[in-house]
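Dock chains B, C and D against the given chain A, drawing on the hints supplied.
4 protein chains.
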Amino acid sequence: MRKIDVRKIEMSGPDDTRVLKALIDEGAVDPKTIIAVLGKTEGNGCVNDFTRGLATLAFKRLIAAETGWSEDEVSRKVAFVMSGGTEGVLAPHALVFCSIEAEGEPSAEKTLAASSGFTRDFLPEEQGTMAVVEECRRVTLELMEKAGIADPADVHFVQIKCPLLTSERILDAQERGCEVVVHDTYESMGYNRGASALGVALALGEIPEGSVSDEVICSDWSLYSKVASTSAGVELLNCEIILMGNSTAFDSDFAIGHSVMKDAIDIEAVIEAIENAGMKVDGLPTTEQKARIVNALAKAEADSTGYVRARRNTMHTDSDINHTRHARAAVGGVISAAVGDPMVYVSGGAEHQGPDGGGPVAVIVRR
Amino acid sequence: MRKIDVRKIEMSGPDDTRVLKALIDEGAVDPKTIIAVLGKTEGNGCVNDFTRGLATLAFKRLIAAETGWSEDEVSRKVAFVMSGGTEGVLAPHALVFCSIEAEGEPSAEKTLAASSGFTRDFLPEEQGTMAVVEECRRVTLELMEKAGIADPADVHFVQIKCPLLTSERILDAQERGCEVVVHDTYESMGYNRGASALGVALALGEIPEGSVSDEVICSDWSLYSKVASTSAGVELLNCEIILMGNSTAFDSDFAIGHSVMKDAIDIEAVIEAIENAGMKVDGLPTTEQKARIVNALAKAEADSTGYVRARRNTMHTDSDINHTRHARAAVGGVISAAVGDPMVYVSGGAEHQGPDGGGPVAVIVRR
Amino acid sequence: MRKIDVRKIEMSGPDDTRVLKALIDEGAVDPKTIIAVLGKTEGNGCVNDFTRGLATLAFKRLIAAETGWSEDEVSRKVAFVMSGGTEGVLAPHALVFCSIEAEGEPSAEKTLAASSGFTRDFLPEEQGTMAVVEECRRVTLELMEKAGIADPADVHFVQIKCPLLTSERILDAQERGCEVVVHDTYESMGYNRGASALGVALALGEIPEGSVSDEVICSDWSLYSKVASTSAGVELLNCEIILMGNSTAFDSDFAIGHSVMKDAIDIEAVIEAIENAGMKVDGLPTTEQKARIVNALAKAEADSTGYVRARRNTMHTDSDINHTRHARAAVGGVISAAVGDPMVYVSGGAEHQGPDGGGPVAVIVRR
Amino acid sequence: MRKIDVRKIEMSGPDDTRVLKALIDEGAVDPKTIIAVLGKTEGNGCVNDFTRGLATLAFKRLIAAETGWSEDEVSRKVAFVMSGGTEGVLAPHALVFCSIEAEGEPSAEKTLAASSGFTRDFLPEEQGTMAVVEECRRVTLELMEKAGIADPADVHFVQIKCPLLTSERILDAQERGCEVVVHDTYESMGYNRGASALGVALALGEIPEGSVSDEVICSDWSLYSKVASTSAGVELLNCEIILMGNSTAFDSDFAIGHSVMKDAIDIEAVIEAIENAGMKVDGLPTTEQKARIVNALAKAEADSTGYVRARRNTMHTDSDINHTRHARAAVGGVISAAVGDPMVYVSGGAEHQGPDGGGPVAVIVRR
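Residue numbers (UniProt numbering), protein chains in the order written: chain A, 1 to 367; chain B, 1 to 367; chain C, 1 to 367; chain D, 1 to 367.
The hints are simulated quantities; they were obtained by calculation from the structure and are not laboratory data. Hints should not be assumed to be uniformly reliable.
Note: identical chains are not told apart, hence a pair may lie in one copy or across any two.
Unchecked claim - Straight-line C-alpha distance at most 35 Å; calculated DSBU-like pairs for lysine-lysine:
#1 Lys280 with Lys60
#2 Lys262 with Lys32
#3 Lys21 with Lys60
#4 Lys21 with Lys3
Isolated chain A (complex conformation):
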């Protein structure tokens, strides 16, 4: 019997791991049980955001020091997914998942289950293609098994960190006579996010077998997952995946639920996600209920039409602030208001993750 422990820790900067260190020092967290660290760091969340790499390095060094493992060993055992951008009220933080051996018998009730894993490395010419789709599909299915989840309906959030193309990687492909999916390195982020999400959608049967090919990636927006959340980063060549759901194989103090925001201000979907996690809400959560909400995890993006509820916004025409930053700020406000806490995980760029302008939202509650 196992249980998943979740710790939401504040960060005073991208390299601040003091809270996790204190939890380890006081025995509250056994560093060898950590399977994943999911972070929201305070960079711009775009191309030149180095806070993601700095946070990954800081947590990796801490866990290596506390476990005695090498940094490479830590990299093979723990999934690090850092998402940049804490616009508006959003609070920089990390969510640490521990998988702990627990005593007792399996309970009848499904509780929070989580597992993490890795795809193989991708060649530059494979990025953003079916190669990524297939590997993410394969690992998602593995992680379901690892988390003791048989029914795809019990999977509520699949967080993936995927690679991106750089000038060097593109050159490498070209020197071997291969062509990459796109030459713009910024756009390659979207292709990899989209391909990863479609892999999840196939694994969970959200879209029909055979519906995905290289051509539909970042092109046919009718295909999407309602639980995938993917982020690209320069610091890796494979995908790191964290799967979350509910299972009777775990006896955790937590449960998770999800819904899909139809657009950036769909607060009703956030309430649905809370209820889907097993907490009945009357209008908005009460103070007591808010205290039991551990975190909300969501994707945000500017609707490609430039409109929300038929009202024009300026997210796409503002040449001073990137539209992903506008979107995170607004959606961060909406979700923070719903759960009564600005320390929530809102990530930008939702290709094939929910409908245009919307995205998946999951909520973890203390049972």
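What follows is chains B, C and D alone, placed relative to chain A:
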């Protein structure tokens, strides 16, 4: 007997007055009845935001052309208050107030009342001082009378456009041997916004007689108005004031209510404002109720502590995006979600307007 | 016999026309002789820069008021080219060109000649295509004749303001069953800038007859003009063109020369342009020589490779500041240092205007 | 006999130390001889710039791995000064100084000398006060001796990394009943930069003994050093100092010279600095001369008046881009153009470092 008509019109750019033109052309709006235009324009809302001036110029020219009045006449008859910044989902728009002669008897029910007026021009050395406080107090009281409001509790929103100091104006004061309140032109915006708001607070009896002096302006934050909303702009030397409330002297199709957001994610206060306007809400407004909400008007600001609900945010430490832009984006998301419409009026910089990090919120509903 | 007078006037804001007003009041400028106003305004120079429209409106209103012409008449007689973006040391200003009847005999020496004109309006589906190329070619040739310039080598700067696509214009084309060159409105700026520049290149014989087709626009960068400088703006549907050169048909107090900057720090090219205008320079201009330089006009852009002189820069990877703003700031520094004056005209986005990462630079000197 | 070796290495990102690693691997650099690493990293150079810390961590880790020293030992032996901000054409890079035992006799000619050292840690209440001034003065004098420089005129650049106040540090002072110099953490950067620079000015006799007190720091701008260049960072509590000059005690292949830029476009001062380093220049450096210029090091800032050469700029009124970023972009363009290389070190914020709007500029040339 009079009634107030309110028209919320979309703007495809700061100088787009086509919707108002069409309403005038089709006879829905009589240009001579317009008493105020309150706009949300798509600049950065900070020092170098010229969309406010452009929008003012555009609406002034249209009204002059349609009424046959000179632009100067229009300036003396209509209050133009343009607030810059439509971050996140916020939609650029203008709210046009018309005061119309109506037939019939006074109704027993209080309905939307509005009036607009102007203080005298201020010398540079008077800006941000008791001179502004006193004038705003005086005109607020006049506007209450003009709107047929006797009880300060029936005043729900007082929007003021105030001046700011420029290098030229400071020099002018110095050449006459006078000292200005602050030499930083950006900071002078805050002093004028604060002084204007305190004038409203005195007029409405929100703070004790004699509690305001030059020293407390932008210093003693315990003094504030719960209904004042003030914006500074370079384009004027006096204050333009729009007062909104409910009165039996008007037989309008609308009513207004307000509340105070304690912080940036206080969605409960937005619901309170809706209810205060006479619409009973169960949790969140229904689709039918949302259709009857004309607009929400609110002030947003980054809490000076850098924290919301004890969670650190990066609004004050982000050197790429001004904190007022972060605040409008987040609060804009919250209010849009509550009323189901991103075309709401959220303005930044709330000195002496509600508590630190919070601010007044008013809602106009169709009865 | 005619002469061209050039007035460089400072602007304290995008709508500040006080200096020109004063020059008219004191009789130094006859408003009816103005043929063009070329401005550098303080917006971001990108999509949501409304300072260009505001400045155009302000100057148009002033000239209408001072001449007694209607604003429409002014539009047909005077070319207004406003370019946004005054990053770094660049000073907002306008350059006013007057074409004046002068007494005396034609001089043997070539002096500053200038003329302005307009293409026909373009349908949305014509934007960024050969239709623009051909019209700009035609008008450029007309303007040469109007300026008394027979030899293309005597043309030193051709400034064009061209239109761009908006969502409305794209829709209009589609409703008539026509296709536009690109659906991204931002990218349409580049296509129109490029097409306009190629029209100039054809008119002046800089590239071979028949070398331009729809396919090469914004695609074959080996084709470019060394004297074209083009800017796109939402406020017009045709192209406004100002041509500058030297001619014996004018007896001006000024002369113009040009060169091509090979990259962003090619200060040697700026010196060459000064010398090309007839001022012999030893190293850098002396204080006396600097006083005789009226203005420098140049195009700036970030090299598409991300490198200048084989050194990596971050103009293309900085997600907080648009690369055109980086480029104007840097090139503005270089040119200001060369001529000893930060009030110079540096405009961004140089498709088919000089080589990748470089661009034309012209200098007007007092003889 | 010793010699200073200087290596300018490109960085493809803030944590890219590959070039230094390669130099060590091929035996070109002995890691134990490194005394200082001076870097220009690609963050925004303001409060939330984490690229400085990331680069420091990366170089520290590399040197620790290559020398076998602990990271703490490296910290005590090597000065790391990272300055953020590579706007415009500026290229991210690091300058590595090695102090090497050399054979042979002292030469008659003065060549590049360099030394590095550290002040004691400062209490929060000491930051930005005479405590910093005195310690920087003391260590500067020590470093002169260490570099074999007796005459202050032979000191050409003193680079200091100083601390800044954080909310935690201010709280710590207050809990001990002490007051800090300023509560705004951003402003504390300026006080520390200013105090450090005044310490250098006193050490070198640039300002009279007794002229500095707490009151004049960041207040009396007539007091400044012509060779100090100071940067604040959150990652340290003391000052790290790198002193550069010329001395007969060293037999280096390099020499250094300096001058003071009077304003942001004072390219003549850059030429003077090159000549001061011993390279006679006719106008602008030739291609051969440019190849011998190793690096230029300069401070840039926006003139507090908002004017350069009596021309208004918008660096202080642009609410989208911090004025320090504007200044680095412009000055970076000027200096890159003068030396023909965009890989130069231009740092922002020049309190008490050269006159208002200007700053020191030093040039290192290969003899």
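Right, here's what the structure says about each hint:
no.	hint	in the structure
1	Lys280 with Lys60	neither (38 Å within a copy, 53 Å between copies)
2	Lys262 with Lys32	neither (39 Å within a copy, 42 Å between copies)
3	Lys21 with Lys60	both (12 Å within a copy, 22 Å between copies)
4	Lys21 with Lys3	within (21 Å within a copy, 44 Å between copies)
Violation of the numbered hints given earlier is confined to hints 1 and 2; the remaining hints are satisfied by the structure.
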